[in-house]
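Enquirer: Take the sequences, apply the hints, and build the full model.
As you go down the protein sequences, you meet chains A and B in turn. With my numbering as the guide, the letters of the first sequence map in order to residues 1 to 349. With my numbering as the guide, the letters of the second sequence map in order to residues 1 to 228.
Note that these hints are calculated values from the structure, not bench results. Be careful, since some hints might not be right.
Said to hold, decoys possible - As a list, the in silico EDC-like pairs of lysine to aspartate or glutamate whose alpha-carbon atoms are at most 20 Å apart:
1. B/221 with A/197
2. A/294 with A/282
3. A/343 with A/276
4. A/211 with A/175
5. A/203 with A/153
6. A/294 with A/313
7. A/95 with A/113
8. A/95 with B/122
9. B/119 with A/152
10. B/119 with A/113
11. A/343 with A/175
12. B/119 with A/233
13. A/101 with B/48
14. A/95 with B/118
15. B/224 with A/313
16. A/127 with B/6
17. A/127 with A/113
18. A/60 with A/75
Unchecked claim - So these bits of chain A aren't anywhere near chain B, every CB distance computed over 10 Å:
19. 23
20. 24
21. 75
22. 100
23. 297
To be verified - Some chain B residues near chain A, calculated using beta-carbon distances under 10 Å:
24. 124
25. 125
26. 127
27. 130
28. 132
29. 137
30. 138
31. 145
32. 157
33. 161
34. 164
35. 168
36. 226
Ideal Cβ placement from N, Cα and C applies to all residues, glycine included.
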Amino acid sequence: MIEVRLKKKFGAFDLDVEFTSETTGITVLAGPSGSGKSSIINMIAGLVTPDSGRVFINGKLLFDSDLKVNCPIRERRCGYVFQDGRLFPHMTVRKNLLYGKHSDASQLQEISELLGIAHLLERMPAKLSGGEKQRVAIGRALLMRPQILLMDEPLASLDPQRKDELLPYIAKLPEKFNIPIFYVTHSRTEILRLSDELIRVSKGRILSAGKPEGEYAGLGSVETEGDYVSVNECRIVDYDDEFGVVTAEHQGTNFYIVAAERPGAERIRAAIKASDVTISLDEPQNISTRNIFKATILSMEETRNRSVLVHTDAGAPLTARISKASAHRLNLAVGCQVYLLVKAVSMAY
Amino acid sequence: MSLSPEEFNAIWLSLKVAVWAVAVGLVPAIAFALLLARCQFRGKALIDAVIHLPLVVPPVVTGYLLIIVLGRRTFLGELFQALGLKFAFNWKGAVLASLVMSFPLMVRAIRLSIEAVDKGLEAAARTLGASRLRIFLTITLPLSVPGLITGAVLAFARSLGEFGATITFVSNIPGETQTLPLALYTFTQTPDGEMMAARLCIISIIIALVALALSEVLAQKTAKRING
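Expert: Spelled out as structure tokens, the structure:
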């Protein structure tokens, strides 16, 4: 059980957030830069002191302004993976890994093998690639046997290829170590791939918190550089070997996803960009598009660049982005029955 | 080229004084450097100024102040004598003069080095459960080694060259307080002393060059250790 309530003024910016979390999985804190998401985990770790609030993690009170409790950083047992790794440059990988006061040397072998750094133990950090450095940083934080793992955009400084290489390691951490992980990012790929829970932060406030699907699917317009994405948790029901098509089901609605091979997991997330959705008033016939859904318009919101986000119920919640002109031409309104044509569904698992 | 007993005494005394000055000064210099680099408190500017004073006032003034504060009949002087430390007309006084003169150089070099240590690394160590002392000993200090070497070499060189404060504070007694520069000065004041003065001059240069070369080797070794 994690309970966080924080208030802090930074000059003109003020942060005021409150949330609880039960999961031992990955809770992603997402938001644009400057939204205060890193400050939240810094305050959990004790690196920044809130003006007031309370931090309670797994039976341990770390901070409470009313009770005048402020646990020193070194006693908080918060494993922290920094964006820039922060490996100690004058120590070998092994010494870095075992630096923590409560480091468990008997786990060194297992954890370094799991992270694929077992062959690097005697190297100096300067001789490691960016991805290797971050894996060592993760290992160092895990070896201290933390109560919670805090990760501040650990992939942000890596090139795309290294990011892909590191994601699977991070994705399997909750299962292997059974600790809660708070993960700060603004990358959509990382949100989709990693989040068991999603907390969206903007301007020092929490916009939404919960499972990253359905109504939480709006992974922001700013966070994702203008793309609005609908995300639905699906079960794989079929894989067509010949054509390479995955059939994924969400509460009776089927999504067809093109994939080179059968996904490794039973459950996946189907992600649909709002801009990949076309709206039709009539049922389309003889058309190449495979993903066609009958839907009811729930709400419409106009965005800055003269486009309209149309939120619908298509069995699963789906959102389309069309131009304001098209919305006007089709006479769209809340309650209308429409057909959604989805050009592409992407998958994350 | 063989050394005369006088020359040998002067060289030996100089090395002894310089090594002692660095050895005694190093730990306090680290402490003050850390204080100035990492702490904010009232009176910080004053401490900074007092440490740097010997760098900016004429050395003779420093020597004279030492007599006033630590002379035989002063309170502090008697206190140290009770502890078995006699400074006046004694090589230990020469060490003290060198120490005071070279201290600001050591503090400056070490302070710069400590300030260059990434505070993020210290924060990372803290999240890993390290105490302030452990962070200092395992992160800050090892990463400041280049500054420690520079500071020690500067202080050593400054001590070898110390003249004004030493001659004022402990006078010019052969075999006791007559260091290399003092001996050199004495020869220049003696008829037919030019040859001896020139020899001491060359010896001074050789010692300085050896110290510099040693520090360079040490600095490279530390850099190599960090950069792999």
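Enquirer: Decide, hint by hint, whether the structure agrees.
Expert: The hints, checked one at a time:
1. About 49 Å separates the Cα atoms of residue 221 of chain B and residue 197 of chain A, which puts this hinted pair outside 20 Å; it is violated.
2. A hinted pair counts as satisfied when its Cα atoms are at most 20 Å apart, and residue 294 of chain A with residue 282 of chain A qualifies at roughly 10 Å.
3. For the proposed pair residue 343 of chain A and residue 276 of chain A, the alpha carbon gap of about 5 Å is at most 20 Å, so the pair holds.
4. Distance hint between residue 211 of chain A and residue 175 of chain A is fulfilled; the C-alpha atoms sit about 18 Å from each other, no more than 20 Å.
5. A C-alpha spacing of about 18 Å is found between residue 203 of chain A and residue 153 of chain A, which places the hinted pair at or below 20 Å, so the restraint holds.
6. At most 20 Å may separate the alpha-carbon atoms for a hinted pair to count; residue 294 of chain A and residue 313 of chain A meet this at roughly 9 Å.
7. Only pairs whose Cα atoms come within 20 Å are accepted, and residue 95 of chain A paired with residue 113 of chain A is accepted, the gap being roughly 16 Å.
8. Of the pairs offered as hints, the one joining residue 95 of chain A and residue 122 of chain B holds, with about 15 Å between alpha carbons and a cut-off of 20 Å not exceeded.
9. Of the supplied pair hints, the one linking residue 119 of chain B and residue 152 of chain A holds, its CA atoms being roughly 17 Å apart against a limit of 20 Å.
10. Only pairs whose Cα atoms come within 20 Å are accepted, and residue 119 of chain B paired with residue 113 of chain A is rejected, the gap being roughly 30 Å.
11. At most 20 Å may separate the alpha-carbon atoms for a hinted pair to count; residue 343 of chain A and residue 175 of chain A exceed this at roughly 34 Å.
12. Annotation: proposed proximity of residue 119 of chain B to residue 233 of chain A is violated, straight-line Cα distance about 42 Å (limit 20 Å).
13. Taken as a hint, the residue 101 of chain A and residue 48 of chain B pair is broken in the structure, with Cα atoms around 35 Å apart against an allowance of 20 Å.
14. Straight-line distance between C-alpha atoms of residue 95 of chain A and residue 118 of chain B comes to about 18 Å, which keeps the hinted pair within the 20 Å bound.
15. Proximity of residue 224 of chain B to residue 313 of chain A is assessed by CA-CA distance (about 63 Å); at most 20 Å being required, the pair is judged violated.
16. At most 20 Å may separate the alpha-carbon atoms for a hinted pair to count; residue 127 of chain A and residue 6 of chain B exceed this at roughly 54 Å.
17. At roughly 19 Å between alpha-carbon atoms, residue 127 of chain A and residue 113 of chain A fall within 20 Å of each other, so this suggested pair holds.
18. Only pairs whose Cα atoms come within 20 Å are accepted, and residue 60 of chain A paired with residue 75 of chain A is accepted, the gap being roughly 11 Å.
19. No Cβ of chain B comes within 10 Å of the Cβ of residue 23 of chain A; the nearest lies about 22 Å off, and the non-interface call holds.
20. Even its closest Cβ contact with chain B, about 20 Å, leaves residue 24 of chain A beyond 10 Å, as expected for a residue assigned away from the interface.
21. Annotated as non-interface, residue 75 of chain A brings its C-beta within 10 Å of a C-beta of chain B; the closest such distance is 7 Å.
22. The Cβ of residue 100 of chain A does not lie farther than 10 Å from every Cβ of chain B; its closest approach is about 4 Å, which violates its non-interface assignment.
23. Every C-beta of chain B lies more than 10 Å from that of residue 297 of chain A, the closest at about 49 Å, which supports listing it as non-interface.
24. Interface restraint check for residue 124 of chain B: the shortest CB-CB distance to chain A comes to about 4 Å, inside 10 Å, so the restraint holds.
25. Satisfaction of the interface hint for residue 125 of chain B is found here, the shortest Cβ-Cβ separation to chain A being roughly 7 Å, below the 10 Å cut-off.
26. For residue 127 of chain B, the interface hint holds, since its Cβ comes within 10 Å of a Cβ in chain A; the closest pair sits about 4 Å apart.
27. Checking residue 130 of chain B against chain A: minimum C-beta separation of about 6 Å stays under 10 Å; hint holds.
28. Annotation: residue 132 of chain B was flagged as interfacial toward chain A, and the flag holds, the nearest CB pair being 9 Å apart, inside 10 Å.
29. The closest approach between the C-beta of residue 137 of chain B and any C-beta of chain A is roughly 12 Å, which is over the 10 Å cut-off, so the hint fails.
30. With 10 Å as the threshold, the beta carbon of residue 138 of chain B comes within range of chain A, its nearest partner Cβ sitting at about 8 Å, so the hint holds.
31. Satisfaction of the interface hint for residue 145 of chain B is found here, the shortest Cβ-Cβ separation to chain A being roughly 8 Å, below the 10 Å cut-off.
32. About 27 Å separates the beta-carbon of residue 157 of chain B from the nearest beta-carbon of chain A, more than 10 Å, and the hint is not met.
33. Nearest Cβ of chain A to the Cβ of residue 161 of chain B: about 33 Å, over the 10 Å cut. The hint is violated.
34. Restraint check, residue 164 of chain B versus chain A: the minimum CB separation of about 40 Å is more than 10 Å; hint violated.
35. This hint is violated: residue 168 of chain B has a C-beta 43 Å from the nearest C-beta of chain A, more than the 10 Å allowed.
36. Of the supplied interface hints, the one on residue 226 of chain B holds, with its beta-carbon coming within about 5 Å of a beta-carbon of chain A, less than 10 Å.
Going through the hint list in order, the structure does not satisfy hints 1, 10, 11, 12, 13, 15, 16, 21, 22, 29, 32, 33, 34, 35.
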